[in-house]
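A.B. asks: Read top to bottom, the protein sequences are chains A and B. Just so you know, this note's numbering puts the end of the first sequence at 1076, numbered straight through with nothing missing. Just so you know, this note's numbering puts the end of the second sequence at 560, numbered straight through with nothing missing.
Check before you lean on any hint, since a few could be wrong.
[What the hints assert, rightly or not] Simulated restraints, written as ranges between beta carbons of each label pair:
(1) B/VAL526 - A/ASP1041: 30 to 36 Å
(2) A/PRO1057 - B/LEU481: 37 to 43 Å
(3) B/GLN523 - A/GLN1016: 46 to 52 Å
(4) A/ARG1003 - B/GLN523: 40 to 46 Å
(5) A/GLN1029 - B/ARG452: 36 to 42 Å
[Said to hold, decoys possible] List of simulated lysine-lysine pairs, DSS-like, C-alpha gap at most 27 Å:
(6) B/LYS505 - B/LYS487
(7) B/LYS505 - A/LYS1038
(8) A/LYS1038 - A/LYS1015
(9) A/LYS1033 - B/LYS487
(10) B/LYS505 - A/LYS1030
Everything labelled a hint here was simulated from the structure, so no lab data went into it. A virtual CB, placed ideally from N, CA and C, is assigned to each residue, including glycine.
Okay, here's what each chain looks like letter by letter:
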Amino acid sequence: AQTVTQSQPEMSVQEAETVTLSCTYDTSENNYYLFWYKQPPSRQMILVIRQEAYKQQNATENRFSVNFQKAAKSFSLKISDSQLGDTAMYFCAFISPSGSARQLTFGSGTQLTVLP
Amino acid sequence: NAGVMQNPRHLVRRRGQEARLRCSPMKGHSHVYWYRQLPEEGLKFMVYLQKENIIDESGMPKERFSAEFPKEGPSILRIQQVVRGDSAAYFCASSPLAGNGGANVLTFGAGSRLTVL
């Protein structure tokens, strides 16, 4: 079974600074997808960024980028030029389309607070 | 193109009553997933359905919980004889047919918050 671990329950960062959120996962699959979702106080789940395991290039989406280390099974999220609106719970998630369990598996989340 | 629609947004039930949560997937999406988020926790998978078919219900409690996705109409998550521990946010997500990894990008609804008194 796949597991996703986020070891930082809470983090804070000053506005305009850069912050990195950690995520590790465990799987025996070779083909899979990794995601970061953001859940602001409205509780809506918003997709931030997505990475295909077969792509070596790290995904980037504006101020959000990932550091995907497949051998280490690590998938960290870097937020540059942090903004107050980035304050939210961030969830790392994993899915394997070829595995027996085709559901998205989430980590426990990291609460990020951007300080003015 | 409306997103994933869930209703009600908030539902209050007394212990022993039934709760029904509805989810209409995005247009063109034929896969529906239900997740539960307990307070201060991440989302936990419950069930994965396609039209008229339960694909994976490995995350569903064995008793009192059921889900369906009929040929016509929304997907329904039904909780019978609710207890206080059922209080949570229930999220629905949908995805399109498999292909180009599309099935792996889930679009979430805004969630339904169930409070059991």
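A.B. asks: Against each hint, give a clear statement of whether it holds in the structure.
C.D. replies: Evaluation of the provided hints:
Remark: the range hint 30 to 36 Å for B/VAL526 to A/ASP1041 is contradicted by a beta-carbon distance near 46 Å. As the Cβ distance of A/PRO1057 to B/LEU481 is approximately 27 Å, the hint placing it in 37 to 43 Å is violated. Distance hint for B/GLN523 and A/GLN1016: a CB-CB separation of about 49 Å, consistent with the stated range 46 to 52 Å. A/ARG1003 and B/GLN523 have their C-beta atoms about 25 Å apart, which leaves the hinted 40 to 46 Å range violated.
The supplied range of 36 to 42 Å is met by A/GLN1029 and B/ARG452, whose beta-carbon atoms lie about 39 Å from each other. Of the supplied pair hints, the one linking B/LYS505 and B/LYS487 holds, its CA atoms being roughly 15 Å apart against a limit of 27 Å. At most 27 Å may separate the alpha-carbon atoms for a hinted pair to count; B/LYS505 and A/LYS1038 exceed this at roughly 40 Å. Pair hint A/LYS1038 plus A/LYS1015 holds up; C-alpha atoms about 18 Å apart against a cutoff of 27 Å.
As the CA atoms of A/LYS1033 and B/LYS487 are separated by approximately 21 Å, the hinted pair is consistent with the 27 Å bound. The suggested pairing of B/LYS505 with A/LYS1030 is violated, with an alpha-carbon distance near 36 Å, which exceeds 27 Å.
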